[in-house]
Amino acid sequence: MELDLRPGVLAGIVGENGAGKSTLLKILSGELRPQRGTVRHEGTFGYCPQDVVINDALTVRQHLEFFRVARGLPDLGHAEEVMDVLRLSQHADERAGLLSGGTRQKLNLTLALMHNPRVLLLDEPYQGFDWDTYQRFWDLAARLRDAGRSVLVVSHLAYDAERLDELWRLQGGLLHPATAVPA
Amino acid sequence: MRRHLHLFVTACRFDLVEHTRNRLAMVLVALFIPSWISLAYAVIPSTTVTFRLRATGRLLAPAGNQITQITGAINAVTLITGFMMFAVTFNGGRFDRRLAMAGYPRIHLVLAKTTSLALASGAVAAYATAVICAAWSPRQPVQLAAALFCGALTYGALGVVFGSLLRREVEGMFALVMTSLVDVGLQSPLASGGTRSAAVEFLPTYGTMQAATAAGFTRTPLPGDLAVQILWFAGAALVGLFAFRRRTKDALTARPPFRLPWPPRHRQPARPARASSTTP
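Protein sequences appear in the order of chains F and C.
For the first sequence, our numbering gives the first residue as 1, with consecutive numbering after it.
For the second sequence, our numbering gives the first residue as 1, with consecutive numbering after it.
Treat the hints as calculated values from the structure; they're not laboratory data.
Among the hints, a few may not be true.
[As the list claims (entries may be wrong)] Straight-line distance between alpha carbons at most 20 Å, and here's what the computed DMTMM-like set of lysine to aspartate or glutamate pairs gives: (1) K26/F x E124/F; (2) K249/C x D4/F; (3) K26/F x E65/F; (4) K26/F x E16/F; (5) K249/C x E124/F; (6) K26/F x E42/F; (7) K26/F x D250/C; (8) K26/F x D4/F; (9) K26/F x D51/F.
[Unchecked claim] Partial chain C-side listing against chain F, Cβ under 8 Å, derived: (10) T10; (11) V17; (12) M101; (13) Q140.
For each residue, glycine too, the CB sits at the ideal point set by N, CA and C.
Using the sequences and the hints, build the whole thing.
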């Protein structure tokens, strides 16, 4: 397969369970090594894994501080914007292990976006979100696209196709252009 | 230099936060160490036990309850640090990877984990020594604490190894308990009467057991045995380091695995796919 994710594009990949969507994103993010082929990133990227990868012993604020230092960011300005959009700010001093599933996913997503990356690789980024947060997520994704970011969202459903600039279906190890599935 | 220090201090701080929020470990430190060591002193008879200490060749005849306190303390501190490090390694593997892929230098993460292990080991070793000193007076309390410290370090590193290699939490707990059972059980003067088998010299806490026993009942310093224990720690830590490095590797920056420079004859090489993301 050949996938070129251009700037200012909000793209989606859909496919059945086990089609290899998450594996593809893990390869694109560097978690897995491809058996063949190459991955080339130009500029910073943020990867939101399908499983929530956070530390239950640390608070939301401690997570942000840990990753701020990791990424060498001078401040948490962009992270705070993302948190405001996702309504995560009110949980800043709560331990991750005590958060609800949806709030843990908000933190998972915030850690991927907090450095304002040029390329966003998001694997089922809205799982566990309530309807309002789900809508705000798509508004945020559209704003990032309008700001010239490349956003790739992987999902097992194609309900949100009208929000996407490009939609692909992963089937049999190949990417095919796809159309929306009626909700 | 300041950035390196900042990275190290930040990782240390959050490692320690994680350890202190491990409630079971904190309860074990607060209650298990004093109750187990005190019970050993109160319940085991004070009848003398005669055995030859391998490290000095001297015949020792300590009270049974005193030598049991020492073996019990080794048992307790090693299991607690082993459990603490196993828990953070087992639960935090993917989080460490995410941090490393976000740019956190792995060397700072490893140094911070080693520092927090050393601090935890120092605290439990000092605590266990103080509990023993409350019951009777070991001849060399500093060497006793140092021996417990080195043993705790070693099991902490073993906890990292088990946490990196085993798939299920229960497997790690069993591995730690079984290792400690064989390790301390075979060396215990009460059980083996100071066995003559050289096999005990290869057990994970041999250096600790020799140095701690000598510290309890002789005035002979045993730096060599402490060094043996440090070697055990270094070996276990090295295996843990390789496992950590493997788990946190970034496939985008890591070198590809070795491949022959020519294609195999029996099949056509597949056309390479290219998945790329570009931004201006």
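Right, here's what the structure says about each hint:
no., hint, result
1, K26/F x E124/F, "13 Å, holds"
2, K249/C x D4/F, "25 Å, violated"
3, K26/F x E65/F, "25 Å, violated"
4, K26/F x E16/F, "17 Å, holds"
5, K249/C x E124/F, "24 Å, violated"
6, K26/F x E42/F, "17 Å, holds"
7, K26/F x D250/C, "11 Å, holds"
8, K26/F x D4/F, "16 Å, holds"
9, K26/F x D51/F, "12 Å, holds"
10, T10, "5 Å, holds"
11, V17, "6 Å, holds"
12, M101, "6 Å, holds"
13, Q140, "37 Å, violated"
Taken one by one, the earlier hints fail for this structure at numbers 2, 3, 5 and 13, listed in ascending order.
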